[in-house]
Structures are given as structure tokens and as C-alpha cells.
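Trainee: So the sequences go chain by chain: L and H.
Quick note: the numbering used here has the first sequence finishing at residue 1937, numbered continuously throughout.
Quick note: the numbering used here has the second sequence finishing at residue 513, numbered continuously throughout.
Just so you know, not all the hints are guaranteed correct.
Pairs of lysine-lysine residues, derived as DSSO-like cross-links and limited to a Cα-Cα distance of at most 30 Å, are as follows [stated by the list, open to error]:
id	chain 1	residue 1	chain 2	residue 2
1	H	462	L	1582
2	L	1724	H	283
3	L	1582	H	378
4	H	291	L	1690
5	H	131	L	1830
6	L	1865	L	1514
7	H	378	L	1577
8	H	415	L	1797
9	H	513	L	1804
10	L	1613	H	427
11	L	1937	H	131
12	L	1680	H	340
13	L	1680	H	283
14	L	1582	H	291
15	H	513	H	48
16	L	1830	H	171
17	H	484	L	1577
18	H	223	H	210
19	H	509	L	1804
20	L	1796	H	484
21	H	50	L	1680
22	H	77	L	1837
23	L	1672	L	1916
24	H	462	H	427
25	H	184	L	1797
26	L	1724	L	1837
27	L	1911	H	77
28	L	1582	H	353
29	L	1830	H	509
30	H	184	L	1796
31	L	1680	H	353
32	L	1804	H	50
33	H	67	L	1804
34	H	203	L	1865
What the hints contain is simulated information worked out from the structure, not anything from laboratory work.
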Amino acid sequence: MKTLMNIVTVLLAVVMWSGSLSAADKILPYPIHQKTLTNGLNVVTVQFDSPGLAAFYIDVRVGSRNEVEEGVTGFAHFFEHMMFRGTDKYPRSKYNEVLKSVGAGANANTSLDRTIYHMTGDATKLETMFDLESDRFMNLNYTEHDFKTEAGAVKGEYTKNFASPYQQSYENTMNTAFDKHTYKHTTMGFIKDIIDMPNQYKYSLEFFNRYYRPEYSTIVVVGDVTPENVNALAEKYFGMWKRGNYVSIVPVEPKQDSARYTHLQNGGIPPALSLNYKGPAFSDSQIDMPALDVMTTILFSPTSALYKKLVIEEQKVRNLGGGASDTRDPNLINIQASLVNKADMQYVKDEILKAVEEIKTNGVDEQLLAKTKSLLKYSYAMGIDNPSTIANSLCSYITLTGDPESLNRLYALYDNVTVADLKMVTAKYFVSSGLTVATISADAEGGVK
Amino acid sequence: MKTFILTIIIAATMFAQDVVELKQLNSNKVVIKLAFRNGSISDPKGKEGLTTAAANLITQGGTKEMTYSEIQDKIYPWAAGYNSQVDKEETIFTFAVHIDFLDQFYPIVKGLMLTPSFAENDFQRVMKNQQNYVDQVIRASSDEEYSKKSLEDLLFRGTNYQSMVQGKSESVKGITLDDIKKHYATMFTKHNLTIGIAGKYSDAFLKQLKADLATLPGAKPTIAAPGKAKMPNGIDVEIIAKDGAFGSAIFTGTPLTITRSSNDFAALMVANSYLGEHRKSYGQLYQKLRETRSMNYGDYSYIEWYNNGGGYMLPPPGVPRNSNYFALWIRPVQIAKQLKQQYKELADIKVGHAHFSLRMAVREVDLLIKNGMSKEDFEATRTFLRSYMKLYVANPSDQLGYLMDSKFYGRKDYIKEMDKLLSKLTLSDVNKAIKKYWRTDNMFVTIVTDRSEAEELAKSLKENTPSPMSYSNIVKAGLPKSVLDEDDIVSTFKLNVKNVTIVDSKDTFK
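Looking at chain L on its own, in the form it has when it is part of the complex (with noise of 0.2 Å):
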């Protein structure tokens, strides 16, 4: 008990803060050290005890939210998989062999706002990793028979992705909520476009000219490694790389005037709801997506009333979860629920809002609120230990401002948040004009008012 108070009153301390943060007051422990590039490239390091290990990381700023012409949702991550089809230094072959004699576990993947490639093996390797990606990050060169074919191994995944009803409703449910916004396709985009892909590879050429470039990429290092030979390797192997000169304009999402809904039929499974409410971009200066994620938290945690309610007590439902979303745009705010019975589909949807409605009115206990920004803290610190987490946490925040700083801006705001701001986030968005009801059940119709 006294290191709970102990926690408040720190909590306390920190809300009286203004100004920049010092180092004692950042989550992320370690010095973030960045350097940019004079052709615009952030090149960011964090020095961690990791013996031996290093992850390297670039994310660039493209995801299929920058998929704005018509007929080419799920770009962003097709060309993920071409950015491993090869160099004329470095043919496919070449660079699986080079990689192959790092030992290094690397990948790469997309979402809505990024695509992240990384490395992690062997911090004496780090050069070599280095080398690699810089040669295909300016110099990758695939043949039209090699996009073509690429193409096949995309549908594979979607295929595999199809299998699960949950991701064919957040599929249904993005396409319903937006209207003009590029949200809503999902990362892997619309089939009929997944089917199209081998004929667009004059685009894939203007995509790689477009996002491939210094300006929308950040290196990120974390390990056993210092920054002034990060710096010094970056500027060695990525100085020369060219800044472009796109600028992606993604429409704008007209303010939704009444509620949508969406249904799946599909007995196959447990029914379940999900109620979506459009949301806030991400912001690691204003209170609201804070104060979002501080409600949700309380909201939906197994120590909540609702949650006690329909999974402990009632067993009405499986499970219960939800929160925002942390992208660049305004995106919806999920609140999912798996059922035990259909028929308490109404049931359940009204409780929820009835507990969304308690918030509004009568906030929550202070207590509560301080315990939840303590929850939110202890989860961080435990996580981070290892470098990939570090760095893949980092690219998170680099993604939404640019700044991997906003880390630990965004848990010096979490101290900031009150009981006030819960209930203004409440009202603000949780509003049935903004709402977007996902069901699934055996039914053919979803039967949610």
C-alpha cells in the first residue's frame, strides 16, 4: 500500500509539471539519441544492455493509408514483399545469402501508416545489415516477371487471413465506417484489387519513387551499440540517398451522421459485437487520445463493473475488449464483445452503453483514475526488455509525429489526465451519429438496434 501511495503522490508531482521533460520523468529509461541526415533522414539510437545484439530498424511513412487512387488498395504492403525481391548488387539470392550469414531474424510488415523492415542478430554484423538495406532501399531493381509473381504469394496471405470471420467483419466494418478516407480498406486491401496487382507494375515503379525516400524514413538502432557509429554507418551508407520531392494527400472523412451497421452471417463461430465509434488522430499534445486510452482501459479491464457484469457474473459473454486506435488519422474507437448466446446480442450492446453513459454523467473514482495511469506505466517498463521491443515501440511513435520523443511525451500526458477529461472524451465521442455496429452470428441479419 505504501508504494501505491507512493506511485500517486509521484503521479501527483509529475501533474504539477510544465515545460520539457527531464530525463527522470521519461518512461523509456534510456537516452533517445537521433541525428538527421542533411538529405532528411532521422537516424534514431538507444543504448541497451543487450550483449552482443542489435536491432535495426527503418520504418518508412507509408501504409495503405497513402492509397488514394482508385484500384490500388493493399499497395503498401505488396510492395513490402517486392523490397525482398532484389538489387543488381544484391540479386534475391545474394541478399538471402548475405542475411542468411548475419543470423539475424528479419522481416518486415505494414499497416495502416507504416512499413517497418528489421533486422536483429549479431551487433558486431551491424555494418552488413547496414549495407543491405541501403542497397535496396535506393537501388531495388525487380523484373515485371518477378512483380507478376509476387502478386500470387500476397493472395496466399490473404487467403490464409480469410480463413478467420473476425477478419472478414473488421474488413466489413473499415468499408462501412469511412466513405472517403483511405482507411477504409484494410492494410491487405479490397480482393479485386489483390487480384489486379500483377497487372500494375508501372504504379509499383512510381510507388518506390514516391515514399522510398530519406524524408518519410527513420533508421532506428537499439542494442548493444553506440550512436557515433550508428551515425557514422548511416551517413557512410544511406548520405547519398536521394530526397524526393511527393507529397500524399489523403482525403478527408466527412463527419458521419448517423449510426451504420454491418453483419456477417456466419454460425460457424461464437456471435459476437463490436461497436465503433470514430475517433481522434493521435496527438501527443492534446488530452483526448490520452484520456481515451485511460477510459477505455478502465472500461473494458476484468477489475470494471461491465466487465464483471457480463463475463463474471452474468456469463453472458466470452470476452470483452476494446480501445482507440493510434494512427495518424482520425479512426475509430473498437469496442468488441464475444457472446455466449445471440439472443443477448440487444442486451449486451445496451449494457455497454449504459456503462459508457456512467462515465459521461459521473466520471470515475480517483482512485481508479490514478491506479489506471499506474497500470499503464508498470505494463511499458515490464515490456522493454529486449532490444526489438524497444525499437519496434519506438517506430510506433516515429510513425504517428515523426519524433520518437512522442513516447514519452504521450506517458508525461497520461499524468495529466483527470476525471474531467474522461468525461469530456466520453461525451465527445461516444456519440451514436458516429457509431458503426459490427455483428456476426447464424443470423442473417445482425438484429442490433
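Since the structure of chain L is provided, determine the placement of chain H on it from the hints.
Mentor: Chain H only, in chain L's frame:
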């Protein structure tokens, strides 16, 4: 106090506690792993899923002092966490907490393990979820995982290794709260426990932990011998037909006589990495099926159980096994129905890519058995593994888990010992091991596919019908002659298929 000390001494003299320690003074947390040599193979016949139910009820229930909700309320601000994992031969409880809260968290750890409440309402909730998993989730959420679990059902049929650890529809229905209480008292005992601890803990804390765990049930559990994989007669295929599948998910398995205990495992590890390292593009299977022919998302091979392969990039610890098999994982390939809709030039095909991809994967193994690895490939793969295996233990929890698994296999530190074995390995060792342990004539295969594909695929496999690769024109036009020539050979490659069965999805795991 005097009595307390005396109790510890007596307890310590009655049996030797198995402890794996990993003290890390720069860590900010403590991880405790309690591994019981008791997995699903100890489930009584007709009560399959009992060990999972017991473990889940311990971690999702209360203690003598606190209800489940009270525990959750208490640990909420600490971000402390705990869970259980049941496999065939072991059940592991993992607890993780920040050092600031270790002393407050520990009574809960102790309560859950020593005096679980086994409350009726917790039991109802836990069993509903387990029932749902065996009835619906396994069949409907990932065809890949479905084909893998079905393969074990086929390969170990009639043995205590057959059932999913979650059990079967009928057996889960029959599990009672009394069954769980009895199972806990007889199977989660001080005699079959290994204690693991990592992070920044004191000697006094460990001493207390050991003393408390010495008061676990005192029964000496009888653990049945693990069931062995069956050797099929020829290639035995089970096709699982379901509605609405977008592709064919394939998994194969054939008995393998060695495990990590054997020094030959290092040799086989090199061969396996070369053939199909998990989630890596270097493997032969990946190169041939995905990279050259774009048939699917990936193709890999395994010389031991890999838990949740769709989720993990690196092999997680905590699933050690004595019964082993060699497996191929072909991720979903296209079915005829989809290909016909997508490409008019494929309007006449009857079967999708499943038959061809299976032929190609099996042929790659066959070629490796016949020709062995080259010196260059051997050296490159060995170098890769010696570095790559260090990533398995990049965080304290996994490092502790691997050390504990090492003990299961009679080793002290598997990662270090394998590195030593790898360093001494020769090409000849590897090629001998391939010939000795791998085979392609006898294997089980499971294919989860769409109902529209099942009959024609079964016919094609049974009759060993040629299965030319059906490319779209746009891909075919650019393929080099060498690839098309190889396709011709693969399309008629003889698979030793002796039996093909079609099973409706609703009839699986019975």
C-alpha cells in the same frame, strides 16, 4: 518461527526440489515459472481436456482468501500478469511482476498454486470457453491451425497424444468440478514440479518460494508413458471439408525417433533449417513454392512441435515433448473454385494447387534424402543457426523457459550445448542424419479445404493423377524454361498415396 524452520528442513530432506535459477540484477522484474510434469497425456480416457481445465481454473479463478475479481482488482495497478500453458507432457504457470510489487504479489501466487478456490461460478465460465474452443473456434478461426491439430489427431490416433490439449466436444462436456479438484490433488504436486525463477529476486525470496511450494499436494503422480506417433502405411491423407474455405491448408507428419536429447538433433537442425526454416525465406520449400511460383504465403518444415506457428517468428519455450515427428507446413494454396473465378484461362481446371504443392514439397525432401546438402549450403546454414539460436533467448522469460526445457531433455543449457555440437558438425554428419531419420514413403497428411474442392482433390491424390501447375497466363508467360521443366517433373511425381479419406468438418476430433 522455530516450528517453521523445522518444517522446511523436514520438507527439504523428504524430496529434492528441482530449481532453475537465472538471477539478473539489472532487471526490473521477476518471472516465476512453475513447470509440472503433467500435460494432456495425463487426462483420463473420456475426460480429455481435464489438465487444461484445471490449469485454466487455477489462473482464471480465485484463492481461499480472494475471489478472481478481487485478485484482478488488487494486481491492476501493478500490471502484474500470470497465465498457464498446457502441452502434451507439461503444464507451466508463468507469473511476472515488477520488483516494486513482488512482495505484495507473492501471496497471490502462493494462494493460486496452494489454495485455489475452485469456485463453481469460475468453473462454469472456464468450461464454457473451453467447450466453445473445441466445438467452434478450432474449426473456424484458422484453417492452418486446424490442419495442424487434425494432423496430430491422425498421427497419434489411439494414444494419449491424440487429443488436442483442450480436449474433444464430448469429453469436455463430461468434466466436473470434482474431476478438477482430484486432478489438482494428484497431478499438480511437489513431486513433479520444476521451479524456475528469473530477474531481480533475493535469496530469501527464493527460499520462501521453495518452502511454500514444498507444501503442494504430496501425492506421487503416475504419469503415463507418452504415446508414440504411428507409422502409416504409405501416404495417408485426410481431407477436411468445410464451407466457405478460401484455400487448402496442408500439414504433414511422419514419426521421428529423436528429440533435443539426441546429439544427432544438431545435424537434423541444419538439414531442417536448409529445407524450411520457420518463417524464413531461405528454405528450399519457401524458395520453390512461394518465391518462384507464388503459390502461397510460405512453406516450412519442422523436426519438433512448434507452438502457434502462425503467431510466433521464433520458437517459444515451454512445450517439451518425448514423442516427436517430422512435419511440413504448406500454408493455404488456391482452390479450383477461386482460380476459375479469377482467371478465365483456368476455367476448365478441376483441382487447385494442393496436389501439386504437396508433390513439390515431398519431392524436395526426397531430393535432400537422395542427394544430401552441399558443402556451401551446410556451412551457410550452420553459420546462420549458430547466430540465430541466440535470438531464442533474447528476453529473460524465454531464457528461463529454454533452461527449464533443457532439463526435460536431460541437458543443462540446450542453446549453448547445441552451439557446441553445431561447431563440431560435419557435412557427412548432416547427410547421414537426413538419410537415417527422414522418409517420404510413409506420412500422414491433413488438408483443410472448401467443400467444393474435396472430392476432386481426393480423386486426384488417390489415382495419382498428373497435377500440372495451373498458373495464370500473366505469371506463366514470364517463367523460365527451367521452372516449367521442373513443373513437368513435379506434376507426375509419384506420391505413395495408399489412403485418402474425406471428413466433414463437423465430424473431426471425435
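Trainee: Next step is simple, just say for each hint if it's right about the structure.
Mentor: Against the structure, the hints come out as follows:
no.	hint	result
1	H:462 with L:1582	violated, 41 Å
2	L:1724 with H:283	holds, 29 Å
3	L:1582 with H:378	holds, 17 Å
4	H:291 with L:1690	holds, 26 Å
5	H:131 with L:1830	holds, 15 Å
6	L:1865 with L:1514	holds, 10 Å
7	H:378 with L:1577	holds, 24 Å
8	H:415 with L:1797	violated, 48 Å
9	H:513 with L:1804	holds, 28 Å
10	L:1613 with H:427	holds, 23 Å
11	L:1937 with H:131	holds, 27 Å
12	L:1680 with H:340	holds, 16 Å
13	L:1680 with H:283	holds, 28 Å
14	L:1582 with H:291	holds, 16 Å
15	H:513 with H:48	holds, 13 Å
16	L:1830 with H:171	holds, 23 Å
17	H:484 with L:1577	holds, 25 Å
18	H:223 with H:210	holds, 23 Å
19	H:509 with L:1804	holds, 25 Å
20	L:1796 with H:484	violated, 64 Å
21	H:50 with L:1680	violated, 47 Å
22	H:77 with L:1837	holds, 28 Å
23	L:1672 with L:1916	holds, 22 Å
24	H:462 with H:427	violated, 48 Å
25	H:184 with L:1797	holds, 26 Å
26	L:1724 with L:1837	violated, 57 Å
27	L:1911 with H:77	holds, 25 Å
28	L:1582 with H:353	violated, 38 Å
29	L:1830 with H:509	holds, 21 Å
30	H:184 with L:1796	holds, 25 Å
31	L:1680 with H:353	holds, 23 Å
32	L:1804 with H:50	holds, 26 Å
33	H:67 with L:1804	holds, 26 Å
34	H:203 with L:1865	holds, 19 Å
The structure does not agree with the numbered hints 1, 8, 20, 21, 24, 26 and 28 stated previously, though it agrees with the rest.
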